[in-house]
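Protein chains: 2
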Amino acid sequence: MKIQPECVPCLLKRIIFEAEQSTKDQKLRVKTVQNACKLLAELYDPNECSATIATKVHKIAYETLGDNDPYKDLKYASNKIAHSLVPRVEHLINCSDDRLRIAMLCSIIGNLMDFGISGASDNPENLSETFEENFAEDLRYDETDETKKILAKSKRVIIFTDNCGEIVFDRILCKEIKKFNPDVFLTVVVKGEPIISDATLEDIEELEFEEVTDEILSTGCFAIGLDFEKLPSMLKKALNRADLIICKGMANYEAFSETDYKPVAYLLRTKCTAIANSMGLPLNINAVKLYK
Amino acid sequence: MKIQPECVPCLLKRIIFEAEQSTKDQKLRVKTVQNACKLLAELYDPNECSATIATKVHKIAYETLGDNDPYKDLKYASNKIAHSLVPRVEHLINCSDDRLRIAMLCSIIGNLMDFGISGASDNPENLSETFEENFAEDLRYDETDETKKILAKSKRVIIFTDNCGEIVFDRILCKEIKKFNPDVFLTVVVKGEPIISDATLEDIEELEFEEVTDEILSTGCFAIGLDFEKLPSMLKKALNRADLIICKGMANYEAFSETDYKPVAYLLRTKCTAIANSMGLPLNINAVKLYK
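Chains as they are written, first to last, in the working numbering: chain E, 1 to 292; chain P, 1 to 292.
If a hint is listed, it holds; no wrong ones were tucked in.
Below are the BS3-like pairs computed for lysine-lysine, each with C-alpha atoms no more than 30 Å apart in a straight line:
hint, chain 1, residue 1, chain 2, residue 2
1, E, Lys31, P, Lys31
2, E, Lys38, P, Lys38
3, E, Lys27, P, Lys31
4, E, Lys59, E, Lys237
5, E, Lys155, E, Lys175
6, P, Lys236, P, Lys153
7, E, Lys24, P, Lys56
8, E, Lys149, E, Lys236
Calculated from the structure, these hints are not laboratory results.
These numbers were taken from a predicted model, which means no experiment stands behind them.
This is chain E alone, in the form it adopts within the complex (with noise of 0.2 Å):
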């Protein structure tokens, strides 16, 4: 997705409220989103990736700032709460008919973990108070049948992960997948550097996704949703090999709605307007949606 003018306000937002996540120092702060406006100037310019942006501008805050993690208590804290939610979700899970369609819907809700921007979360505990509303509200965009269908014939599958907290119900979801088609190589990609509250191999530790997927790989870099042009080998041969990529979150949306790779499954919450009207769907909508 290339930049959209909306994004600027919104990313400066993220970058004030990372900057109040890394420190208590206000020069710090200020200086923090002088450089982030300073970078915003230069590179603004529609013909970009907003995800390309977003990273420069990120990077420069953590510089700034002089902390390569401002996220890591909330990420923490996200996975904590989500944890106290698996009984539930696997519940939802066992009462369907449909097992990975509602496996999918609740990894959806858990990307309302997401901090320091509008139409999402502010703190993890709101999302015990809000799953149930959202479980309602259900998939307003619905493509899960056609994914269903390409991921019955798929040898292999790649899911790119987005926060942490939702990446206790991911890993819910690889296990759906892997019953599903129990012939199917599945691999999973975290952040190779913590950015944002993204996960990263270190944040998955704990989870044991060895024993749900096949392969654990790293984006290699920083990087919003990631960076094509630094993809590690064994991740790029990993996508070339894939019949189907699954997709977390905006982020990676921004980044492979810039590429040729198909089929994604795009499995998001649309918490923009930009992002929003680059998938032609409703904004803050639960949506599967499956670009062949």
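Assemble the complex: chain E is given as a structure, and chain P must be docked to it using the hints.
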């Protein structure tokens, strides 16, 4: 009020809005956002008044756009929709046993006609839909009694207006002030140059303010709220002689709260957290707050 971190994205949001109002030329829109970001990087300083910084950022936006009044159409539409509500406002005042309080409330409801920021109306038409709802909300912070006590003893009162549309209800407020205290010398102040959707001398030309006030002055220059360093001598004199200053809207609070002028009655809707927090008020309420 000193600039708060959240003012930065909010201001940029408004700059984007006004660029879109002003031109369909994408390059010009982009250049406007870039220039605003660049200037914000230089100016953002928590020791500076938010209105002062906003003035400079809007200035560079207007210059980049080559447009001295991007809100012209919206201002016209706002006055028109407000006019259609005048009979309703007069009826509400006539039915009340506290005419001045209701006139203040209606004038604050007009303050919702403010564009390109959160917590305000997106288009003038919304006002007639939301008027009744907002009237029912009433004043959730109400120092009208204290304000009336001062007004009853005042010889000179000065009222600083805010947006177009709203200005139509301010005229009714002026009439009620004169009815409440016929001996008062009432000065109304509008903007010296077009800035956002604020009313200028030109915008109020047909409103016949001379019928309900004793003096009409302008702030004399391009400024969010007003620029105390560039006050015309007539305005400075009027301000110094005033027994009561009435300020409509948030920008006047941002500017006046940095001065020692007193007593000031702020009549506004708290449309953002920065101002709500600064005034110790809840967000999104109608308020009359007196500083004496």
